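Work the whole structure out from these sequences, hints included.
If you count by numbering that gives the first Met the number 0, then the sequence shown holds residues 0 to 266, one letter each, in order.
Worth flagging that the hints you see were computed from the coordinates, not collected in a lab.
If a hint is listed, it holds; no wrong ones were tucked in.
The calculated label-pair distances, taken between Cβ atoms and stated as ranges, are:
id, residue 1, residue 2, range
1, Arg195, Arg68, 27 to 35 Å
2, Gln125, Ser244, 18 to 26 Å
3, Arg250, Leu49, 32 to 40 Å
4, Arg68, Lys93, 15 to 23 Å
Distance condition first, Cα-Cα at most 30 Å in a straight line; then the derived DSS-like pairs of lysine-lysine:
id, residue 1, residue 2
5, Lys261, Lys67
6, Lys102, Lys229
7, Lys102, Lys55
8, Lys53, Lys67
Keep in mind the model is a prediction, meaning the values are calculated, not measured.
Backbone N, C-alpha and C fix where the C-beta goes; we use that ideal spot for every residue, glycine too.
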Amino acid sequence: MKMSKPILALFAAVLFYSCSTVPLTGRKQFLAVSDSEINQSAAASYQQLLSDPKTKVINGSTDAQRVKRVGNQLAAAIQQYLSQNGYGDQYNFKWEFNLIDSKEVNAWCMPGGKVAVYSGILPITQDDAGLATVMGHEIGHAIAKHSAERISQEYVAQGLGAAVGVASNTSNSAGLKIVNALYGTGKDLALLHYSRSQETEADRLGLTFMAMAGYNPNAAVSFWQRMAAKAGGNAPPEFLSTHPSDATRIREIQNRIPEAMKYYKGK
0 MKMSKPILAL FAAVLFYSCS TVPLTGRKQF LAVSDSEINQ SAAASYQQLL SDPKTKVING
60 STDAQRVKRV GNQLAAAIQQ YLSQNGYGDQ YNFKWEFNLI DSKEVNAWCM PGGKVAVYSG
120 ILPITQDDAG LATVMGHEIG HAIAKHSAER ISQEYVAQGL GAAVGVASNT SNSAGLKIVN
180 ALYGTGKDLA LLHYSRSQET EADRLGLTFM AMAGYNPNAA VSFWQRMAAK AGGNAPPEFL
240 STHPSDATRI REIQNRIPEA MKYYKGK
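Below is the structure:
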């Protein structure tokens, strides 16, 4: 059967954009969206959030300085690893680290290295190592390009033709609509909900990243135990959640600590 030009174009786009491997884990992944497009959209949403009058960015405080210091140490260690292992040209991140005044127990990293930490999580992180655990995990999502994977899945779900358009034209309205819907804008930033497998991969990457930056990976266990205590058993059953159960996450982290310790030299 003779293939139509759109179908041939789709196959060409899939072949071009799907050849990607996650650093450290070696997992192969399907990507149907370019880094430049997704990073541009994420950066725009990040700046809109920070400039929103309702967003209170904390500057100059001890905690704000700590967020930037720990973030920059992680970024430097990660960029060095990527460059030394042949990934440098794939991650043209423009890192930013900001502390936001909010009671929400949360932190996130958008594609391109745009990081936000909410002050509500600081009582649980407690120290630099706890903060490195959180930030390393969130950065892990960005390094593993989990957002691009989810967006690629949306393209497939909504019609593969959109993938061809966005792969070749950054002004494609259908593609940008999907990107913007996934990220949202302003105060009510609609961040992606990752799958359990992606959460586990981000935990694994985060452990190694914090070790590379000089933070003891064993601190991650204590942090997630504190997070579990904070939740107070109110988390949904694991099979109904996009995140691993607390017990599963802690067990997996404990199993991965020996791997991460190979990169730990202490401070």
